Each structure stands twice: as structure tokens, then as C-alpha cells.
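Asker: Sequence lines, in order, name chains V and Z.
Those letters in the first sequence? Residues 1 to 114, by the numbering used here.
Those letters in the second sequence? Residues 1 to 117, by the numbering used here.
Derived by calculation from the structure, the hints in this document are not laboratory data.
The structure presented is a predicted model; accordingly, all values stated were derived computationally and were not measured.
If you want the footprint, here are the derived chain Z segments under chain V, 3+ residues with CB under 8 Å:
{"#": "1", "region": "32 to 45"}
{"#": "2", "region": "104 to 116"}
To be clear about the criterion: a stretch of chain V counts as covered by chain Z if any three or more of its residues have a C-beta under 8 Å from a C-beta of chain Z, and this derived list gives those stretches:
{"#": "3", "region": "44 to 56"}
{"#": "4", "region": "104 to 112"}
Note that CB positions come from ideal geometry on N, CA and C, so glycine has one too.
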Amino acid sequence: GNSVTQMEGPVTLSEEAFLTINCTYTATGYPSLFWYVQYPGEGLQLLLKATKADDKGSNKGFEATYRKETTSFHLEKGSVQVSDSAVYFCALSDHSQGAQKLVFGQGTRLTINP
Amino acid sequence: ETGVTQTPRHLVMGMTNKKSLKCEQHLGHNAMYWYKQSAKKPLELMFVYNFKEQTENNSVPSRFSPECPNSSHLFLHLHTLQPEDSALYLCASSQDLFSGGPQDTQYFGPGTRLTVL
Numbered sequence: 001g002n003s004v005t006q007m008e009g010p011v012t013l014s015e016e017a018f019l020t021i022n023c024t025y026t027a028t029g030y031p032s033l034f035w036y037v038q039y040p041g042e043g044l045q046l047l048l049k050a051t052k053a054d055d056k057g058s059n060k061g062f063e064a065t066y067r068k069e070t071t072s073f074h075l076e077k078g079s080v081q082v083s084d085s086a087v088y089f090c091a092l093s094d095h096s097q098g099a100q101k102l103v104f105g106q107g108t109r110l111t112i113n114p
Numbered sequence: 001e002t003g004v005t006q007t008p009r010h011l012v013m014g015m016t017n018k019k020s021l022k023c024e025q026h027l028g029h030n031a032m033y034w035y036k037q038s039a040k041k042p043l044e045l046m047f048v049y050n051f052k053e054q055t056e057n058n059s060v061p062s063r064f065s066p067e068c069p070n071s072s073h074l075f076l077h078l079h080t081l082q083p084e085d086s087a088l089y090l091c092a093s094s095q096d097l098f099s100g101g102p103q104d105t106q107y108f109g110p111g112t113r114l115t116v117l
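Please put together the full structure from these sequences, using the hints given.
Answerer: Put into C-alpha cells, the structure is as follows:
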């Protein structure tokens, strides 16, 4: 079946550090890939997405590139801020069975210290 | 603001109470979802509706009863819950279940934090 694996958390960094959160997936067909972010006390917000191989999604300084050859969609940011502290979820949406369904990774908690 | 609202934001209930969670989306979508987010588990899909018809029940106990009267509203009726049902309940919507490409994004509400005593 389809699945998403994220790097284990929690991740703690200092402000202005470089961030990478790894995400790999297993899927039949050609899924769309997403990163969602959940700030404390809130629901999930779409951070960025990519719908086909080699697409790069970007938003708020975050980037992720859809790599079909390595089945990966790693999240990166060049210089993190305290306000980036949140839980980040990688997900895929696969239509190979007809109806689309989102499959989420387990989430990675990120804490940025001043 | 994602265009999906949920009420109440917080709910405390006893095991014998009956309560309902409400979700409303203002995005013109036709698919709606209920998810459960517990402290130590991955996000769990509970129910899916497409054009008001339930298309998925992910082995959810019958003490949770969904209702979708129209494409904009989704309810989750709760009765005789257990303490282990305490969690954040998230509602989401998307264009519909069969749109692909740019239209398959799900938009989430802020959630209802449920505590069962």
C-alpha cells in the first residue's frame, strides 16, 4: 500500500540554521506530494505541494522538490526563525485506486531556539 | 484562515453525554473528511463524504456518527464516548474525490479539542 516515512523528531535548531526534514514515500501510480504545517493549538495548513516529478514547491522560504528517482520530497529552509516552530507533515495523494486519499507521515516536531 | 471553520474549538464531556461537532466550509468543495489526531498516533482518517454520500468509514466505532446534510456542512455526533476518544478532531475539504492535479489539496479547519472525562 501507499505510505509516507518522515525523519524521526523532535528536531531542535538555533535561529538562522539550515533545515532539512526528510520525507520518502511508497506509492503506486503518480501521486501529488504535500507538506502541511501545524502550529501549536491549530489545525493543519498547506505549506507547499508538487504534482509531478521534478516540480519544486515553495512557500515562506521553504522548498521541496519531487524526486521520482529517489521517491523523496525533502523539506528545506535556508534560515529558520523561531516562528517556524511547529509540527510538519509530509503527505501524498494518490488517485490510482480511483478516489483520491491523503496518506500522511507521522509528523516531525520542529523547535527553533532564539 | 483556510475557509474551513469548526465549532466548538474545545469540548469537555462526560462518558454519558451526547454532543455534536460541526464543520462548515466556504470553498465550494464537494468532499469533506473527519480526522482524529491523538497525542501519540499518526493522523487517522475517520470518514469521507463526496457530494453528501459517505464513501469511507475507516472502521470507526459506532459511538461516532457522521452526518453530511449538504456539501458545505459536516457533523460528527458523539455519544457514550470513552476517555481514549480524547483527541483533536479535524475536518477537511477538497474539490471532490476524483479531481486530480491542482484540485486534490485538502484544506483543514482548526480542529475541536475534545476531552472525555
